[in-house]
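A.B. asks: Put together the whole structure using the sequences plus the hints.
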Amino acid sequence: MKRIIPISIVLLGAILLSACATSSRGVSWPGLAVDTTNVYFADGASVFAIRLSDGSVAWKYPKNSVGSVFYSSPVVTSDGQVLVGSAGIDHALYSLDAATGNEKWPTPFKAATDHFIASPLVVNDTVYAPNNDGMLYVLKLATGQQLWALPVSHSLWGTPVSNGKFVFVTSLDHFLYAIDPESRKIAWKVDLGGAIPGSPAISPDGTTVYIGSFNSKVAALNAEDGAIRWTADTQGWVWGAPALEGDSVYVADINGNIYSLGVPNGKNPWPSIQPDGPITGSPLALGDGVLVATESGGVYTFDTNGGMLWPNGTQVGGKIYTTPVAAGDMILVAPLNTDFLLAALNRETGSIIWKFTGK
Amino acid sequence: MNWWDFLLINPFTNVLLWIYDAIGHNFGVAIILFTILIRAVTWPLNGQQLKSTKVMQDLQNDKEWQDIQKKYAKDREKLAQEQMRIYQERGINPLASCLPTLVQFPIIIGLYQSITRALATTPLGLLQLARSIYPFLNTALLIPLNSKFLWMDLGRPEGIPFPGGFTISFLPYGFPTLALIVAFTTYLQTKLTMPAPSATNPSDQTAAMNSMMSIYMPLLLGYFALNFASGLAVYFITSNLLGIAQYAMMGRVNWRNLLPGGAQPAPSNKGK
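Residue numbers (our numbering), protein chains in the order written: chain L, 44 to 402; chain V, 1328 to 1599.
Wrong hints could be hidden among the right ones.
[What the hints assert, rightly or not] Mimicking SDA-like on lysine to any residue, the simulated pairs with C-alpha atoms at most 25 Å apart in a straight line are: (1) K106/L - T1494/V; (2) K153/L - G1486/V; (3) K103/L - L1451/V; (4) K398/L - D382/L; (5) K153/L - F1493/V; (6) K362/L - I1460/V; (7) K402/L - N355/L; (8) K183/L - D234/L; (9) K362/L - R1458/V; (10) K232/L - A1572/V.
To be clear, the hints were calculated from the coordinates, so they are not data collected in a lab.
C.D. replies: This is the structure:
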């Protein structure tokens, strides 16, 4: 009897604290990339290659857990690699063979001291990999060997973009950084007044950078010197990268609003459009409009005037936080908190073609 | 939003963030000040625990209590009835000394979740944080929080890397300095605040329970400090030191318990 109370307290504590722990899937932030045959799907502790034709698994990495947790989208390179960073305790950036899922680099890149939440950027034969430790690691694409590294700032969560001259890196520290790979230095930086977890977008001519922030604003900046060309207010924080198409900059906020901002001046000609829930992923430009996915599990498409392309959208289910991708005549979305991990939708109608359950 | 978040996590998170903002963006100091606040709020509860522990200790030395232990040693049902009678006659709640410990658990769990939520080391965590912050805080300026405190990253388990890149599989973060300090201060607090064992009652149940607690609690909290965010360990250490200070202020610290074989029996209370 006298042992019951202390043992009960210990057990109660263990049970209650264990309630704090969740599976890697429960806190995941799935990422997608495609090539002509597969969709590469990083989610929780695994990266899957899934055949676009039928949703079957081509390969899965790793076969046994190595402490990895994947929160970022894989990147498919022109030489057949799939690069994916881990947000697990391994702090590693992996190169996988797109055909087999086997590791391609002699060893994964493990010099970072924190999570990889951002996807890397590949420019020619160079990989730019931002890390949560505030460093931008620059690697040789063929081998993963570190060429140089630049301490940028606080947590780097956004995938960099390049206009050929600078590499643009966002940070949660509120700054957008333009990095000159030639000098390996920061060419300029601009404080946007709020954390920037997403990526910037670059105009086709490379002269303008578009970026949203937690300051509830979207800014267009001169890529050469960071001078602000215009800013546009949003009702909520902007998480995902803007999507450019024609004369529009499509942006969504976590209050669930979608905006079509004019490239020259940031004016939004659309009426208020707020489908059914917060939007953290980037809008996806479709050529004839834009697609967004919401936390409520809905996928919606709009034409260039803000009219709905799919009647009432498609309710996929679960919670969609990350950016959908287009693959031929399909749209792929990765919801959380539902009984499947990935769904392929018909691009024209929004109907579900197949689902991937992880098995 | 669920009730747990509404009643505990969100208020804790916002108080933590408010302190963090007020003191110039040092999250470690914010946790320490928050712990002091929690201690102040639960001060009456801890005081009640002290009194209840003393009452239970005195009861172990009471002649009537000892007599019924002997008389009904082989009849546990009757013994329980007699014990309940004495509790009722003297207005004693035998669980009163456990209540503050039980109250600590939701606070610990709430604090752990508040720390991890505030530091938002994952995208989903950042989204949850955005939804937790009350309007009076300027969220856009607060995020991201500075998670560095001394040598620690408060959002991650603490460990000092072993020299030469040496690794031990069950210590993935390195040498667990903070977990050891947590275990030591918990042991210290338990020993210092443990009443002396009864001189007349060798089967003193309270003393036996306290003795077991002095082993279990350091191990439990040390294990938590080893595996959870180091901000929680900062809370444990601060809370333990404040607990010792509170007992000392009330004149209840038993320094002799720290000496080898130094736990002196309490003087016998010869009946009512």
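A.B. asks: If a hint holds in the structure, say so; if it doesn't, say that too.
C.D. replies: How the hints compare with the structure:
no.: 1; hint: K106/L - T1494/V; verdict: 23 Å, holds
no.: 2; hint: K153/L - G1486/V; verdict: 18 Å, holds
no.: 3; hint: K103/L - L1451/V; verdict: 24 Å, holds
no.: 4; hint: K398/L - D382/L; verdict: 10 Å, holds
no.: 5; hint: K153/L - F1493/V; verdict: 15 Å, holds
no.: 6; hint: K362/L - I1460/V; verdict: 21 Å, holds
no.: 7; hint: K402/L - N355/L; verdict: 31 Å, violated
no.: 8; hint: K183/L - D234/L; verdict: 31 Å, violated
no.: 9; hint: K362/L - R1458/V; verdict: 16 Å, holds
no.: 10; hint: K232/L - A1572/V; verdict: 49 Å, violated
When the structure is compared with the earlier hints, violations turn up for hints 7, 8 and 10 and for no others.
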